[in-house]
Amino acid sequence: MFVPHSELDLKKMFDELSINSLDDLFTHIPDALLLENGLDLPESLSELESIDYFDDIAARNKSDLVCFAGGGHYDVYLPQTVKSLTMRPEFMTSYTPYQAEISQGILQVLFEFQSLVCDLTDMELANASLYDGATSIAEAISVAINKTKRDGVTISSGLNPNSKEVINTLIDKNKFNLNYVELDNYLFPSDYDFDESQAAFVVSYPHYEGSCQDLTELVTKAKDKGIVTICYVDPSMLGVLTTPGQMGFDIIVAEGQSLGSPLSFGGPTVGWFATKKEFARLVPGRLIGESRDKDNNKSYVMTLRAREQDIRREKASSNICTNQTLNAIGSAIHLSWLGPEGLYDMGYHSIQKANYMKKSLIKNGYVIPNDDSSLREFLLEVKTNSSEVINKMGDKGFLAGIYYDDQHVLVAVTEKRKKTEIDDYIEALQEIDNG
Amino acid sequence: MVSGGNASSLPLVGGKPEPTIKELSSPGRRASNFPKLDVPEVKINHESLKKEKARLPEVSEHDLVMHYSRLAHRNFAVDLGFYPLGSCTMKYNPRFADSIASDSRFANIHPSMPEEFTQGCLKVMYEIGNYLCEITGMDYASFQPPAGASGELTGLLIIKKYLEINNLINKTEIIVPDSAHGTNPASARMAGFTVVEVETDARGMVNIEKLKEIVNENTAGLMLTNPNTGGLFEEEILTISQIIHNAGGLLYYDGANLNAIVGTSRPGDMGFDIVHSNLHKTFATPHGGGGPGSGPVAVKEFLKDYLPGPIAENKDRKYNWYQPENSIGRMHGYHGNFLVTLRALVYMKLLGKEGLDTLGAYAVLNARYLSSKVSKIIPLAYDEPCMHEFVTSVKDLKKSHKIKAYDVGKALLDKGFHSPTIYFPLIVPEALMFEPTETQSKETLDDLADSLKSIISDLQQEDIVLEDYPKNLPVGRPNELIPAKFLTVNWGDFELLEITE
Numbered sequence: 001m002f003v004p005h006s007e008l009d010l011k012k013m014f015d016e017l018s019i020n021s022l023d024d025l026f027t028h029i030p031d032a033l034l035l036e037n038g039l040d041l042p043e044s045l046s047e048l049e050s051i052d053y054f055d056d057i058a059a060r061n062k063s064d065l066v067c068f069a070g071g072g073h074y075d076v077y078l079p080q081t082v083k084s085l086t087m088r089p090e091f092m093t094s095y096t097p098y099q100a101e102i103s104q105g106i107l108q109v110l111f112e113f114q115s116l117v118c119d120l121t122d123m124e125l126a127n128a129s130l131y132d133g134a135t136s137i138a139e140a141i142s143v144a145i146n147k148t149k150r151d152g153v154t155i156s157s158g159l160n161p162n163s164k165e166v167i168n169t170l171i172d173k174n175k176f177n178l179n180y181v182e183l184d185n186y187l188f189p190s191d192y193d194f195d196e197s198q199a200a201f202v203v204s205y206p207h208y209e210g211s212c213q214d215l216t217e218l219v220t221k222a223k224d225k226g227i228v229t230i231c232y233v234d235p236s237m238l239g240v241l242t243t244p245g246q247m248g249f250d251i252i253v254a255e256g257q258s259l260g261s262p263l264s265f266g267g268p269t270v271g272w273f274a275t276k277k278e279f280a281r282l283v284p285g286r287l288i289g290e291s292r293d294k295d296n297n298k299s300y301v302m303t304l305r306a307r308e309q310d311i312r313r314e315k316a317s318s319n320i321c322t323n324q325t326l327n328a329i330g331s332a333i334h335l336s337w338l339g340p341e342g343l344y345d346m347g348y349h350s351i352q353k354a355n356y357m358k359k360s361l362i363k364n365g366y367v368i369p370n371d372d373s374s375l376r377e378f379l380l381e382v383k384t385n386s387s388e389v390i391n392k393m394g395d396k397g398f399l400a401g402i403y404y405d406d407q408h409v410l411v412a413v414t415e416k417r418k419k420t421e422i423d424d425y426i427e428a429l430q431e432i433d434n435g
Numbered sequence: 001m002v003s004g005g006n007a008s009s010l011p012l013v014g015g016k017p018e019p020t021i022k023e024l025s026s027p028g029r030r031a032s033n034f035p036k037l038d039v040p041e042v043k044i045n046h047e048s049l050k051k052e053k054a055r056l057p058e059v060s061e062h063d064l065v066m067h068y069s070r071l072a073h074r075n076f077a078v079d080l081g082f083y084p085l086g087s088c089t090m091k092y093n094p095r096f097a098d099s100i101a102s103d104s105r106f107a108n109i110h111p112s113m114p115e116e117f118t119q120g121c122l123k124v125m126y127e128i129g130n131y132l133c134e135i136t137g138m139d140y141a142s143f144q145p146p147a148g149a150s151g152e153l154t155g156l157l158i159i160k161k162y163l164e165i166n167n168l169i170n171k172t173e174i175i176v177p178d179s180a181h182g183t184n185p186a187s188a189r190m191a192g193f194t195v196v197e198v199e200t201d202a203r204g205m206v207n208i209e210k211l212k213e214i215v216n217e218n219t220a221g222l223m224l225t226n227p228n229t230g231g232l233f234e235e236e237i238l239t240i241s242q243i244i245h246n247a248g249g250l251l252y253y254d255g256a257n258l259n260a261i262v263g264t265s266r267p268g269d270m271g272f273d274i275v276h277s278n279l280h281k282t283f284a285t286p287h288g289g290g291g292p293g294s295g296p297v298a299v300k301e302f303l304k305d306y307l308p309g310p311i312a313e314n315k316d317r318k319y320n321w322y323q324p325e326n327s328i329g330r331m332h333g334y335h336g337n338f339l340v341t342l343r344a345l346v347y348m349k350l351l352g353k354e355g356l357d358t359l360g361a362y363a364v365l366n367a368r369y370l371s372s373k374v375s376k377i378i379p380l381a382y383d384e385p386c387m388h389e390f391v392t393s394v395k396d397l398k399k400s401h402k403i404k405a406y407d408v409g410k411a412l413l414d415k416g417f418h419s420p421t422i423y424f425p426l427i428v429p430e431a432l433m434f435e436p437t438e439t440q441s442k443e444t445l446d447d448l449a450d451s452l453k454s455i456i457s458d459l460q461q462e463d464i465v466l467e468d469y470p471k472n473l474p475v476g477r478p479n480e481l482i483p484a485k486f487l488t489v490n491w492g493d494f495e496l497l498e499i500t501e
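Chains as they are written, first to last, in this note's numbering: chain A, 1 to 435; chain B, 1 to 501.
Since the hints were made in silico from the structure, they are not lab data.
Note that CB positions come from ideal geometry on N, CA and C, so glycine has one too.
It is possible that part of the hints are untrue.
Here are the computed distance ranges between Cβ atoms for each label pair [stated by the list, open to error]:
{"hint": "1", "chain 1": "B", "residue 1": "47", "chain 2": "A", "residue 2": "47", "range": "23 to 31 Å"}
{"hint": "2", "chain 1": "B", "residue 1": "467", "chain 2": "A", "residue 2": "151", "range": "44 to 52 Å"}
{"hint": "3", "chain 1": "A", "residue 1": "20", "chain 2": "B", "residue 2": "315", "range": "42 to 50 Å"}
{"hint": "4", "chain 1": "B", "residue 1": "209", "chain 2": "A", "residue 2": "10", "range": "36 to 44 Å"}
Below 20 Å or equal to it, Euclidean Cα-Cα: the simulated SDA-like pairs (lysine to any residue) are [said to hold, decoys possible]:
{"hint": "5", "chain 1": "B", "residue 1": "398", "chain 2": "B", "residue 2": "423"}
{"hint": "6", "chain 1": "A", "residue 1": "276", "chain 2": "B", "residue 2": "492"}
{"hint": "7", "chain 1": "A", "residue 1": "62", "chain 2": "A", "residue 2": "363"}
{"hint": "8", "chain 1": "A", "residue 1": "173", "chain 2": "A", "residue 2": "197"}
{"hint": "9", "chain 1": "A", "residue 1": "277", "chain 2": "A", "residue 2": "146"}
{"hint": "10", "chain 1": "A", "residue 1": "418", "chain 2": "A", "residue 2": "387"}
{"hint": "11", "chain 1": "A", "residue 1": "358", "chain 2": "B", "residue 2": "48"}
{"hint": "12", "chain 1": "A", "residue 1": "396", "chain 2": "B", "residue 2": "114"}
{"hint": "13", "chain 1": "B", "residue 1": "376", "chain 2": "B", "residue 2": "354"}
{"hint": "14", "chain 1": "B", "residue 1": "304", "chain 2": "B", "residue 2": "315"}
{"hint": "15", "chain 1": "B", "residue 1": "399", "chain 2": "B", "residue 2": "300"}
{"hint": "16", "chain 1": "A", "residue 1": "62", "chain 2": "B", "residue 2": "467"}
{"hint": "17", "chain 1": "B", "residue 1": "376", "chain 2": "A", "residue 2": "19"}
{"hint": "18", "chain 1": "A", "residue 1": "173", "chain 2": "B", "residue 2": "329"}
{"hint": "19", "chain 1": "A", "residue 1": "363", "chain 2": "B", "residue 2": "50"}
{"hint": "20", "chain 1": "A", "residue 1": "358", "chain 2": "A", "residue 2": "341"}
{"hint": "21", "chain 1": "A", "residue 1": "416", "chain 2": "A", "residue 2": "15"}
{"hint": "22", "chain 1": "A", "residue 1": "277", "chain 2": "B", "residue 2": "315"}
{"hint": "23", "chain 1": "A", "residue 1": "62", "chain 2": "B", "residue 2": "114"}
{"hint": "24", "chain 1": "B", "residue 1": "300", "chain 2": "A", "residue 2": "39"}
{"hint": "25", "chain 1": "B", "residue 1": "373", "chain 2": "A", "residue 2": "15"}
{"hint": "26", "chain 1": "B", "residue 1": "123", "chain 2": "A", "residue 2": "55"}
{"hint": "27", "chain 1": "A", "residue 1": "83", "chain 2": "B", "residue 2": "354"}
{"hint": "28", "chain 1": "A", "residue 1": "416", "chain 2": "A", "residue 2": "341"}
{"hint": "29", "chain 1": "B", "residue 1": "123", "chain 2": "A", "residue 2": "371"}
{"hint": "30", "chain 1": "B", "residue 1": "50", "chain 2": "A", "residue 2": "62"}
{"hint": "31", "chain 1": "A", "residue 1": "83", "chain 2": "B", "residue 2": "315"}
{"hint": "32", "chain 1": "A", "residue 1": "276", "chain 2": "A", "residue 2": "226"}
{"hint": "33", "chain 1": "A", "residue 1": "418", "chain 2": "A", "residue 2": "66"}
{"hint": "34", "chain 1": "B", "residue 1": "50", "chain 2": "A", "residue 2": "248"}
{"hint": "35", "chain 1": "A", "residue 1": "276", "chain 2": "A", "residue 2": "363"}
{"hint": "36", "chain 1": "B", "residue 1": "353", "chain 2": "A", "residue 2": "38"}
{"hint": "37", "chain 1": "A", "residue 1": "363", "chain 2": "A", "residue 2": "419"}
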């Protein structure tokens with residue numbers, strides 16, 4: 001399938017090569033390695049048959065639930081304009097822009113992406129994407145270790161638990177100490193004393209549990225000890241939140257799904273990475289720079305290539321090659337669609353709606369342990385077991401949130417949720433609790 | 001007969017530079033719109049809330065659409081023309097797979113949903129695992145790695161964990177051919193191994209004698225792609241496998257060149273213990289301008305407990321996640337690049353046994369045919385039958401006419417073709433590496449050869465300036481030194497530079 005050759009074409013090509021069959025192409029491969037009867041796989045399906053086949057699979061997902069889950073991936077409104085533009089075949093079916101002259105489109109969008117990320121977070125230099133939020137944290141920790149040559153990492157426990165698992169995989173625990181610091185009443189302890197043996201301080205903003213705090217003083221204290229400060233930020237809240245740059249962070253990383261990518265069962269989304277220019281030569285991944293051609297035309301080109309694996313090989317700043325360009329393009333277009341007012345509305349509406357939901361829950365006798373410090377996302381204490389609650393809420397048409405522990409569900413309210421959906425959610429929850 | 005080409009939208013969009021979205025911004029404009037707030041608005045006091053709005057462009061929706069569409073017009077793509085980029089497998093990406101991946105019943109699934117709610121997604125991951133294992137000759141697969149380099153790192157971390165658990169911690173060396181992809185040594189270093197290079201022999205294959213000299217009790221494994229980066233099948237692969245295994249090392253297959261052998265031969269049968277594959281190459285998912293990809297790793301039975309999880313399994317007609325016992329841990333925040341994985345399954349279903357059995361053969365046929373044509377214009381680096389790609393060298397033209405591989409690539413752009421991969425593998429001077437893939441027609445291959453012939457002749461003319469190529473594109477060669485020296489990586493950086501200069 002998708003092979004264009006007719007019998008006539010094949011004859012001409014075989015003649016050129018003086019062969020009689022496709023098998024003649026492989027006479028140099030040892031017989032023992034040739035598959036005799038081909039692969040043991042089902043026959044092909046036509047496109048029409050495939051529609052039914054995948055329709056059956058898709059129907060097995062409970063895809064119609066009203067989503068109150070977050071944890072880094074948010075059910076925000078993704079406008080059709082962003083989807084259509086991102087899926088333009090020139091963006092979708094091109095390769096890495098190694099040949100700048102015929103890749104100015106991708107190069108300029110990525111340059112705009114880098115610049116938009118910098119403007120949004122108040123940083124100076126962003127790369128052209130990493131895999132996702134979790135792997136971006138690990139890459140940032142590697143930068144800090146390379147910069148400081150120290151072997152300890154101070155990590156807030158208020159990180160997405162999967163991100164912690166990825167950090168534990170990617171940072172060699174035989175060489176580096178990962179010190180997880182417990183939150184105190186859902187906030188990073190403001191009196192925490194940093195230790196000079198530490199390479200990095202990693203903290204989520206807001207915390208995984210949804211609580212948010214001004215981190216300026218902690219950042220200052222860490223930097224006084226020569227520690228590289230890394231902020232894992234929820235970018236779709238930056239229309240309303242103080243930026244990591246304003247708080248003084250050295251590096252920001254983010255899960256960029258909520259800006260430009262559908263939920264996608266977690267991938268492909270995009271990891272953001274931005275920092276100060278002093279870190280430029282330690283940055284992982286691709287960077288696009290603005291330049292001029294010989295006629296002084298504005299042109300864009302991949303730059304600081306000497307950091308990358310295809311040139312530097314084992315001395316590269318990271319092994320990353322294929323990244324998440326198309327999702328970065330989605331982020332750039334979505335941010336441009338939103339503008340300052342749209343991003344503000346997105347954040348402000350979600351905070352108002354989450355607040356309405358928290359107050360309604362409390363009024364109905366539920367406990368929100370981090371009501372005061374949380375914004376769009378919060379912990380809901382349930383009266384039975386939280387997995388059970390999530391399953392039963394599923395039967396009533398809701399994705400109630402994410403299992404946090406047996407007593408708590410992590411609930412997120414995006415700007416997309418309607419008042420009626422929130423009211424119905426609480427009613428359904430009460431029905432479950434009342435048996 | 002002609003095959004089309006010379007893709008350019010220049011007559012439509014003009015040659016003027018496209019302003020940035022920031023330059024198009026005008027205060028008070030917006031494209032976005034949201035429903036009115038439907039909950040009672042209250043004053044919310046929180047120390048993290050700011051007063052000012054974010055610094056973002058303000059544009060109308062039409063301006064936004066025109067801007068990004070004009071930028072799309074300034075980009076070459078598989079959908080526009082021939083992309084003979086060696087090592088990248090730029091084959092046709094079926095539209096149909098995109099339509100399945102855009103189905104909201106897949107695209108709008110939250111990754112933290114319990115497995116009872118996501119049986120469809122789990123079925124996808126389970127099924128493609130079976131396909132991939134059969135195609136590669138392996139036993140178990142994990143779809144955690146989001147790209148090939150992540151798959152390599154996964155494989156190396158599996159080797160490391162296997163050695164640790166079997167008390168073989170003296171084994172710290174990973175052998176990599178001098179022709180290998182840069183990601184191989186970079187990944188090996190990230191996993192904490194020492195990299196040892198093995199030379200390529202005059203035929204373009206691993207030098208067996210040198211390999212024997214290098215292998216010792218500290219050998220942890222060998223990373224290899226077969227066919228190798230010269231496009232040649234490593235005919236002594238069974239001997240290589242024996243040498244590594246006799247030393248107690250493991251054999252890692254870099255799946256970058258898997259397209260060449262699908263349906264013909266399998267890494268598992270060659271003796272490889274771990275395989276990663278690039279679904280965005282072999283299984284036709286779109287490259288997206290550099291990503292997303294998907295780099296699943298498959299292993300032989302004895303390594304299954306080390307795979308990154310969670311992995312989908314099928315028990316009692318229900319799909320579950322399981323965590324392998326000695327797993328190296330997660331390689332991705334959730335389930336890898338699921339929608340890419342889904343597209344690859346769609347492709348495999350469309351091809352089925354018939355299509356997959358002949359996939360590699362047609363890829364090799366096209367490469368062999370093109371190499372036959374091209375070798376009459378510029379010499380091949382190796383006088384061996386190529387697989388799915390081949391390497392040529394213009395080192396003689398560089399000597400006689402100062403024509404570099406770089407110049408040939410740039411001149412081809414004017415003819416409506418993407419450049420082949422240049423300067424890779426590193427061991428071939430002035431290398432040009434062609435990979436046509438199986439989806440290009442004979443006429444397109446002929447066109448490329450004809451164009452190559454005409455530009456090689458053009459470039460040898462006395463009055464031409466090599467640096468002028470390409471001539472017919474929106475921009476000429478960008479000055480690569482400016483951004484590297486002055487870090488003009490953010491809008492405003494360049495203008496600032498002009499003021500200070």
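Verification of the supplied hints:
no., hint, verdict
1, B:47 <-> A:47: 23 to 31 Å, "56 Å, violated"
2, B:467 <-> A:151: 44 to 52 Å, "48 Å, holds"
3, A:20 <-> B:315: 42 to 50 Å, "49 Å, holds"
4, B:209 <-> A:10: 36 to 44 Å, "40 Å, holds"
5, B:398 <-> B:423, "13 Å, holds"
6, A:276 <-> B:492, "15 Å, holds"
7, A:62 <-> A:363, "30 Å, violated"
8, A:173 <-> A:197, "16 Å, holds"
9, A:277 <-> A:146, "15 Å, holds"
10, A:418 <-> A:387, "24 Å, violated"
11, A:358 <-> B:48, "19 Å, holds"
12, A:396 <-> B:114, "15 Å, holds"
13, B:376 <-> B:354, "34 Å, violated"
14, B:304 <-> B:315, "17 Å, holds"
15, B:399 <-> B:300, "49 Å, violated"
16, A:62 <-> B:467, "58 Å, violated"
17, B:376 <-> A:19, "19 Å, holds"
18, A:173 <-> B:329, "12 Å, holds"
19, A:363 <-> B:50, "29 Å, violated"
20, A:358 <-> A:341, "25 Å, violated"
21, A:416 <-> A:15, "63 Å, violated"
22, A:277 <-> B:315, "52 Å, violated"
23, A:62 <-> B:114, "10 Å, holds"
24, B:300 <-> A:39, "18 Å, holds"
25, B:373 <-> A:15, "13 Å, holds"
26, B:123 <-> A:55, "12 Å, holds"
27, A:83 <-> B:354, "34 Å, violated"
28, A:416 <-> A:341, "16 Å, holds"
29, B:123 <-> A:371, "39 Å, violated"
30, B:50 <-> A:62, "38 Å, violated"
31, A:83 <-> B:315, "37 Å, violated"
32, A:276 <-> A:226, "15 Å, holds"
33, A:418 <-> A:66, "10 Å, holds"
34, B:50 <-> A:248, "15 Å, holds"
35, A:276 <-> A:363, "46 Å, violated"
36, B:353 <-> A:38, "8 Å, holds"
37, A:363 <-> A:419, "16 Å, holds"
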